[in-house]
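Please construct the entire structure, taking both the sequences and the accompanying hints into account.
The chain contents come next:
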Amino acid sequence: MQPTAEQIEQDLLRPLFHSSGKYWVAVALAATLLLAGVAAFGYQLYAGIGVWGLNSPVFWGFDITNFVFWIGISHAGTLISAILRLTNATWRRPVTRCAEAITVFSVLIGAIIPLCHIGRPWLGFWMIPYPNERHIWPNFRSPLAWDFFAISTYLTGSTTFLYLPTIPDFATVRDASTGLRRKIYRILALGWQGTPRQWQRLETAMFIMAVVIVPVAVSVHTIVSWDFAMTPVPMWHSSIFGPYFVAGAIFSGIAALILAMALLRKFLHLEEYLRPIHFQNLGKLLLTMSLLWFYFTFAERLTAWYGNSPPEMAVFWESIRKQFAPLFWTMVVCNFIIPVPILAIKRFRTITGTAIASCTVVVGMWLERFLIVVPALGHKFLPYSWGTYRPTWVEVTLMASSFGMMALLYLLFSKFVPMISIWEMKVGLQPHGGVPVVASADGKHEVVLEGPQ
Amino acid sequence: MKALYGLYPDAAGAQRAVNSLRAATSELKFDPKQILIVSGEPHEGYEFTDSQHSSIPYPWAVLGAVVGGTTGYLLTTLSQKSYPLVTGGMSLTPAWTNGIIVYEMVMLGAILTTLVVLLVGAGLPNFKGVITDPDIGKGKILVGVVDPPVNSQQELERRLLLAGASQVKQSAEG
Amino acid sequence: MAHKWGMVVDLDRCTGCEACVVACHAENNIPTAGEDQAARGRAKHWIRVERYWEGDFPNPRIRFQPVLCQQCDEAPCEPVCPTYASYHSPEGLNSQIYNRCIGTRFCANACPYNVRFFNYYNPTWDMPLQLQLNPDVSVRSVGIMEKCTFCVQRIKSAEIQAEAEKRELKDGEFTTACAQSCASRALVFGDLNDPNSEVSRLSSSNRGTKLLGELGTKPNVTYLERGTWEDATHG
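As you go down the protein sequences, you meet chains A, B and C in turn.
Residues in the first sequence are numbered from 0 upward in steps of one, following numbering that gives the first Met the number 0.
Residues in the second sequence are numbered from 0 upward in steps of one, following numbering that gives the first Met the number 0.
Residues in the third sequence are numbered from 0 upward in steps of one, following numbering that gives the first Met the number 0.
Rather than coming from a laboratory, the hints here were simulated on the basis of the structure.
Yeah, the Cβ is synthetic: ideal placement off N, Cα and C, and Gly gets one too.
There may be inaccurate statements among the hints.
As the list claims (entries may be wrong) - If you anchor each label on the Cβ, the simulated ranges turn out as follows:
(1) B:M89 with A:A27: 28 to 38 Å
(2) B:G122 with C:Y97: 52 to 62 Å
(3) A:L85 with B:R157: 43 to 53 Å
(4) A:P2 with B:S50: 25 to 35 Å
(5) B:M89 with A:A343: 15 to 25 Å
(6) A:W23 with B:M89: 34 to 44 Å
Here it is, written out as structure tokens:
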């Protein structure tokens with residue numbers, strides 16, 4: 000039973016106007032986690048970054064693991080919104096905005112983490128090429144400078160990509176509210192009316208954005224992977240890192256999206272809109288990515304093992320057999336052994352099933368980032384200076400607070416913005432689901448018009 | 000700014016109304032530009048929507064990309080040449096690494112240009128007040144005339160109703 | 000002709016006494032980490048003597064290898080620094096500019112020799128060691144990378160002195176703290192661009208190797224391999 004346009008508006012605006020007590024409890028919890036992280040960061044600034052567990056030679060640990068993890072999660076929105084938009088996959092409609100929101104917030108968190116992990120965070124602005132008299136200038140040969148440009152571009156692009164299709168929905172909220180709320184949404188809607196010219200311009204802009212944002216997303220995580228691959232560190236200096244990281248990012252991004260959708264469906268009562276078919280389709284994508292992840296991991300490890308280069312083998316055995324073996328095999332179980340049966344067998348590919356698979360994937364992908372960073376750094380070329388790493392409470396708190404920040408931003412977003420795109424759902428009610436279809440020249444079949452016309 | 004408009008339950012009815020209004024522009028002495036169509040979603044495949052399509056954003060996006068790329072190239076190359084610092088035995092202006100910065104600036108240029116072109120093309124931000132109707136949220140399409148000439152209003156109302164309007168209204172303010 | 004500073008480490012002469020380590024600490028204001036921090040892996044030794052065991056009881060062999068910053072010509076630590084804090088000076092030194100360092104620690108990860116160290120805390124010295132600080136060397140605060148500089152303060156002051164006296168630098172006129180304190184003269188420092196300097200002569204020895212030379216870093220420190228072991232029990 001398809002809901003009517005009126006019902007769509009009512010259902011999707013309801014969370015903005017009503018909240019349960021549970022919502023505010025969730026917000027309070029998330030805010031507390033975030034504040035704990037702020038306090039831990041303040042302590043770190045005061046006492047020195049030695050309060051972390053980093054040492055010589057493991058100079059990166061939880062900090063970079065979390066950075067790569069959050070940038071990876073951000074690939075959810077891009078894949079779903081942009082690629083599915085470009086392929087006219089109409090099932091993406093209820094999913095796009097929650098996906099795009101995940102992208103923006105996780106890129107934001109991913110952009111904040113490097114500023115918090117450097118030894119002198121108050122000088123982080125030196126990464127910006129601004130004219131000054133002290134000859135401070137970024138080194139464009141450094142992967143960190145590429146990171147700065149790539150993440151800035153991605154943040155700008157994904158915020159634009161999130162904001163543009165939300166403008167008509169802001170107008171809807173504006174028209175449905177009064178008083179202060181109406182004033183605020185009037186500004187957010189920029190005076191949107193909904194004339195055909197505006198709709199056409201918006202759709203053209205969305206098409207261009209979709210085409211541009213996909214290469215940006217691919218480049219962002221490739222560049223993040225080059226933070227590792229551009230060093231001579233054994234097991235880091237691998238050309239597979241670019242594609243490996245992008246595939247892993249899309250993998251963890253889809254998992255995060257499925258989890259977010261499952262929670263939204265339950266707590267915002269969106270059962271009519273986020274239906275089993277969406278979880279089925281995303282589940283199939285997750286399965287594909289799991290197989291792809293396994294392929295990349297296997298290819299990387301096999302070539303290292305077969306090559307038998309002593310520095311690489313030292314790192315290799317650390318992960319497979321020695322100190323990091325429990326984490327490594329947990330990762331394989333979480334990323335491959337549990338998700339594949341759940342997602343491949345139709346009976347298990349339910350909302351609950353995909354949500355469980357996504358949970359394990361998120362854990363497994365975090366472990367994968369950790370296992371890329373720490374074993375290699377601890378076992379470079381000169382065995383006398385090998386070392387190991389254990390996180391401290393400060394790092395664990397900061398990591399937890401990153402999750403708290405994500406939860407808080409997402410919860411607040413769901414309160415102020417309709418989580419499902421109202422106008423796109425209404426387009427879905429049109430015959431042909433809004434995909435412009437015309438009769439072919441001989442009148443014998445229908446032709447789908449490609450892109451916005 | 001006020002408008003006389005009808006609300007139509009589907010795009011076909013809206014198209015009929017638009018055609019009817021367009022046919023009456025000379026007779027009733029108003030400009031075709033005064034015809035207002037407002038909807039809660041785009042209606043592809045109908046002339047009143049498709050005629051508004053413009054390809055202008057594409058060349059603008061390409062231009063923005065080119066400008067962005069040039070900016071990136073100049074930023075990297077000029078600053079590396081004017082402040083030469085050798086690192087790692089690499090050349091001062093390595094094409095590979097500068098190319099990455101250029102690539103990102105190309106994309107950023109395209110993104111920002113697309114955003115600006117959208118805002119300009121859609122006439123946003125527009126805080127002068129918009130004519131809208133609560134029924135638009137329910138899926139109806141508004142077709143009408145902005146500031147219609149006074150003595151044409153009855154004929155306009157007749158045409159709107161004939162095209163299938165569920166009701167004809169007058170908006171007091173814009 | 001511009002100088003190109005280099006060093007030779009004779010592994011046959013090195014006794015593992017670690018006088019070089021102590022001298023470097025004293026010259027360059029390097030604090031001791033303390034038992035707790037050292038256990039956590041944060042000991043900072045710009046030059047360290049690596050010790051490797053070979054074989055088992057009753058005939059274990061021990062090898063000493065002093066490892067310091069190799070001042071690589073194509074240093075992997077240089078291109079990765081986002082603020083140019085690590086760059087190659089015209090005299091062939093890999094320079095660390097403390098003021099520019101924002102502490103990303105990327106350079107330390109990229110260094111294959113693990114010779115870069117990070118100030119995880121503000122440095123402290125047990126009393127009365129703080130009275131012994133070298134005024135020619137800055138004290139690095141928290142969040143900054145540091146490493147062996149080939150005692151650049153001694154290089155600079157010798158160069159300034161020579162320029163004031165309008166003469167060339169002589170080989171052996173000054174040396175680094177580690178080379179100065181080596182009792183067996185295992186460490187030799189000098190100008191590789193001077194064909195008559197001792198370091199140039201020793202660098203071309205047929206015992207000469209580069210540490211991790213296969214990585215292509217082109218280090219400016221040459222290691223002279225030790226001779227073969229004489230087996231004590233079998234003559």
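The hints, checked one at a time:
M89 (chain B) and A27 (chain A) have their C-beta atoms about 52 Å apart, which leaves the hinted 28 to 38 Å range violated. Between G122 (chain B) and Y97 (chain C) the C-beta distance comes to about 54 Å, which sits within the given range of 52 to 62 Å. For L85 (chain A) and R157 (chain B), the hinted distance range of 43 to 53 Å is satisfied, since their beta carbons lie about 45 Å from each other. At about 31 Å, the beta-carbon gap between P2 (chain A) and S50 (chain B) stays in the expected band of 25 to 35 Å.
Between M89 (chain B) and A343 (chain A) the Cβ separation comes to about 47 Å, which falls outside the hinted range of 15 to 25 Å. With their beta carbons about 55 Å apart, W23 (chain A) and M89 (chain B) fall outside the hinted range of 34 to 44 Å.
The structure shown violates the earlier hints numbered 1, 5 and 6.
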